[in-house]
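Chains as they are written, first to last, in our numbering: chain Z, 4 to 305; chain P, 182 to 673; chain F, 14 to 306.
Hints are computed from structural coordinates only; laboratory data are not their basis. Beta carbons are placed, not taken as given, at the ideal position from N, Cα and C, and that holds for glycine. Each hint should be verified, as a subset may be incorrect.
[Unchecked claim] One side only, chain P facing chain F, incomplete, derived with CB under 8 Å:
#, residue
1, 254
2, 259
3, 488
4, 511
5, 513
6, 554
[What the hints assert, rightly or not] DEER-style ranges, computed between Cβ atoms:
#, chain 1, residue 1, chain 2, residue 2, range
7, P, 620, Z, 59, 36 to 44 Å
8, P, 317, Z, 50, 17 to 25 Å
9, F, 161, P, 585, 47 to 55 Å
10, P, 561, F, 190, 33 to 41 Å
11, F, 74, Z, 112, 21 to 29 Å
12, Z, 59, P, 654, 53 to 61 Å
13, Z, 300, F, 82, 36 to 44 Å
14, P, 534, F, 83, 39 to 47 Å
15, P, 442, Z, 165, 27 to 35 Å
[To be verified] According to the in silico footprint, chain P covers these stretches of chain Z (three or more CB under 8 Å from chain P):
#, segment
16, 41-51
17, 108-121
18, 136-145
19, 259-270
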Amino acid sequence: MNFYKKWFWPLVIPSLLLFTMVILYPFIMGVVNSFLAWRGTYYFDPDTGTRATSMFKSFVGFANYKEAFQDTRFISALVYTVKYTFIAVIFVNVAALALALMVTKITKSSGIYRTIFFLPNMLGGLALGFIWQFIFQIIFTDILFSPEALYLPFLRYMTQDSTKALFALAMLNTWQYAGYMMIIYVAGLNNISADYYEAASIDGASYWYSFRKITIPMLMPSFTIVFFMTLANSFKLLDQNVALTDGEFGTRLLAMQILRTVKDTAPPNYGKAQAQAVIFFILVAGITLTQVAITKRKEVEM
Amino acid sequence: MKKSLIVVLVLLMAFSASVFAQGAGEADKGYDIYVYNSKGENAAQFAAMCAAYEAETGIRVKNFSIGSGQDHMETLRSEMNSRQMPSIFSIQSLKELPEWKQGGFVLDLNTVTSGDFAKMVAAIPQGLRLSSDGKTSYGIPYNVEGYGFIVDRDMLSELFGPSKVDAVLLDIKAATYEEWETLVKTIDAWITSPKATSVKLNGKSYTLASSKGKLSKNLNGVFAVMGAEKWTYGDHFINVALNAVLTSETEAQQADDAKVKSLKGALLAYAKALDLKTSYLAGLKGRAVRGQDFVSSSNFGYDQAVQIFADSKAVFFKQGNWAFGNIAGVNPAQAERLEFVPVKMPFQSQDIKRTDGTTVAKLNSSIPVFVPNYYAVNAMVPKAEQQKAFDFLYWMNNSDTGKKYIVEEFAFIPYNADPETTTVPNSLGNSIIDYMASGNTLSAPYNGAPASWSGDVVGLRIMESYLTKRNWTASDYEAIANYAIDQWLAMK
Amino acid sequence: MKKTPPITSNSMNENYFLKKKIQMAVLYAVLSGIAIYTLAPLWLLLVNSFKSQSEIISSPLGLPSEITFSYLSNAMKEINFFRALFITTAITSTSVLLIVIVSSMAAWIMVRNKSKASTIVFMCFVAAMLIPFQAVMYPLIQFFDDIRLKSATGLVLMYGGFGLSMSVFLYHGFVKSVPRGVEEAATIDGCNIFQMYIHVVMPLLKSITVTVIVLNSMWIWNDYLLPFLVIGNSPTKTLVLELYFARITAGQFGNPWQLIFPSVMVSIIPIIIVYLFLQKYIVKGISDGAIKS
């Protein structure tokens, strides 16, 4: 319609302006910087060994990328992040779906439970991470799962072992996000017409049978969005990583690796950090887009 | 509903406007000099000092303080990228210098040739200068700090008798490593079954009390150690060993492969001393051993170790004078009675590679005293602003008002203090001044090691692989020393 | 597909109801267990807000030995609670308002005017959701300083930019499901675009707007890194920044728990109150956002 066409740019421009200022321009600059010997406050000239007189003198080609891939810390952070994401996505999704199935099943006070499960999501940041550190180190290790009580060695010292810490992080993340994802699943479940289940039960289908044949396929749109959100969240996880283990015992995730690269090098190699951030972006984008494409196709097949 | 929504919106807008108005109208810089202070603990006192300077001279001082945690460099870089750069900023040790030098941000203070400020720069003792080659000088020291084993005089009084405190302190300071090791083991045995045992310190005999007293009944181990804090055994404890070979940060920074390899003997001594220290541990809930608990920050973090010591559960606590405030927070009475004794290591005379005549005995009776932080002048700001920065720094370190703030308000030990006449309102500070007066001080070569070598590499390795391991053998000492050397060579 | 052999219809009914009852009881028990697990960390926060440093370290789980509000009131003073609350509210609400206006306008017109440009712009916004903050952090701060916006105002614009992607995405999905009929009627009535936007479109977008407000307020309120880099240690500190600076001025090392616990406690109370009052809308907003997009 002509009317909308006429007003398209005037209404889009404010958002484009913000987008350009805050994301596009800094991002392009970031990509440019990943090809330069950038030191954060100045550009380094490899030829003279001093501050470069212009940005172009600081061009180092793919050196930062090469360095990043040769850095064992970067590679191990990459591997660790992939492992973590795998576990976290499963944890959060299973927990969220289980919660959603349960709260939709009960008749009374389902609202109260939803309110409680969603609550952790309202509170974020480092502070709660520190409280969880306290829980893993004192409550799990010394009280609940100590040899004097319910002895479960796997749940002790979880922040001091790279494999256990994966699960500790996933538990914290599940605590924080399961309630949120539950709400999305509840919405999806409520969207499934009761007729399907009635028909199935008349046919004598068991609970699991109708869960597999009706619930799961009908929930595909919810899976798409929940997977997308949990994948992106897990990949970018930072605060909890800092608070819980601070990257010790080989538990550095990618986001933290990027932040810490400038601490590992002196003078700080911001170019290399930026190169890692670009690789990181490509990875996040690649994985999440593939995931969306796959689950979307499943939706279509329905 | 709609009306109330509009009212809420209007209110929000009005009230937001009041917040944002503060940021507007910054055409004038609003200051004559801008001081960036990275010792966030004294933020309020520092601001008061700047206000006092403004009142005296009319020079407008903008000040910004931030904690010495991990974000300090990020913030400083973002300030350096801004149009309003700090005129005076902070550099923590030689590790941070290359960045500011390469970027052209830091002014060599030796290029200032006239005035009181130039005299002040020239008078900074060689060992306290921020310099990569011994000729340049890039900063004015904030203060000096030191560390060793902190001990409570009243605890010694209960252990050895009230009349022996001063003598026993002097003799612990002078004792050999072997005597120290015996002392540790004897006290440890005494804690489980108190009886009058005698120990030799500096060749003299002392006898432990036959029963426990008010404080010593709380003892459950000899040392309070923060197993979760890598910097305590990475940076600081290892630094004592580095002193056997390296005399300064500069020497460490310029050390060639051969010199790094010659650290072997000293690093073996370090591993043995660390083994001793972590074999007789006190804990919050009774005697502790190396293991996973020992590296958990909820059990053996900074606060927990302070608590262990302040509750008199341990005799010795390896920390610096900065811990005074933490200890005073838990046990103010005890904080008034503290002294340092040196960190001792089983050096052999052939481990000592420095050529200034330092002996094993001298190393084992000295404590590291070093400058944790420097004020640097920004080479990028206009000359007139630099001059004002010089004046400010001179005033701060030489005027009565400035000195009063440094000593009384910041509780610093001034770098230019005369050890014979200076006292500070802090028992640990005064103990350091005593060591300075007797010349029993070591330097901080760990700051000249490759970035993150001491804490995040060696310290981390020790935490992950050794502090969790119950028993160490000679091959562990060997492995620690080799790992430290290999990493240094690889990171250079 | 097993069927229990019918006995008598009466006993089968009883059996069925008993089974249902047990099923429900188990369900409630499990849910309550999870609810306790969910609330436990907050309970920990609560009990430790009334303890001294030594008591927190020595008995983290126990109830406080005495109920004293001195730690809480001290924390409120330390973090300049009311000033910081005011500033955080101002920054969050202005940013969210900006996000709502800008993204709803853009998303609406993009859906209504299908064109190549519209698709490209939309894809850009979606792709931006995947950019990690670290990738833009330094150039962003530098750029805003260059254009003299390294201030609270600039912070609001940054939040506007970062909140935009997800909000456009949500609005875009929602608008697709809103029929054009009403709008077309309005154009015939001679409405101009802004009248239409305010009187016709926005009321239809009410529920998704709630979602956008909720989601953005949550992260902006809790954000630490951006205000830290932009505002730093100036008097206009947000709650999270106050918390951070209170922590570092309290001591160089270690965690001053007797300050941290009560400070975190007082700083989350406003969120919890808002949440409890608005939770119906919040939950509805999120589920609507999920279905429609």
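Taking the hints in turn, this is what the structure says about them:
{"no.": "1", "hint": "254", "verdict": "13 Å, violated"}
{"no.": "2", "hint": "259", "verdict": "6 Å, holds"}
{"no.": "3", "hint": "488", "verdict": "5 Å, holds"}
{"no.": "4", "hint": "511", "verdict": "6 Å, holds"}
{"no.": "5", "hint": "513", "verdict": "13 Å, violated"}
{"no.": "6", "hint": "554", "verdict": "11 Å, violated"}
{"no.": "7", "hint": "620/P to 59/Z: 36 to 44 Å", "verdict": "54 Å, violated"}
{"no.": "8", "hint": "317/P to 50/Z: 17 to 25 Å", "verdict": "23 Å, holds"}
{"no.": "9", "hint": "161/F to 585/P: 47 to 55 Å", "verdict": "39 Å, violated"}
{"no.": "10", "hint": "561/P to 190/F: 33 to 41 Å", "verdict": "56 Å, violated"}
{"no.": "11", "hint": "74/F to 112/Z: 21 to 29 Å", "verdict": "28 Å, holds"}
{"no.": "12", "hint": "59/Z to 654/P: 53 to 61 Å", "verdict": "57 Å, holds"}
{"no.": "13", "hint": "300/Z to 82/F: 36 to 44 Å", "verdict": "58 Å, violated"}
{"no.": "14", "hint": "534/P to 83/F: 39 to 47 Å", "verdict": "56 Å, violated"}
{"no.": "15", "hint": "442/P to 165/Z: 27 to 35 Å", "verdict": "32 Å, holds"}
{"no.": "16", "hint": "41-51", "verdict": "holds (count 5)"}
{"no.": "17", "hint": "108-121", "verdict": "violated (count 0)"}
{"no.": "18", "hint": "136-145", "verdict": "holds (count 6)"}
{"no.": "19", "hint": "259-270", "verdict": "holds (count 6)"}
The structure fails to meet hints 1, 5, 6, 7, 9, 10, 13, 14, 17 from the earlier list, while all remaining hints are met.
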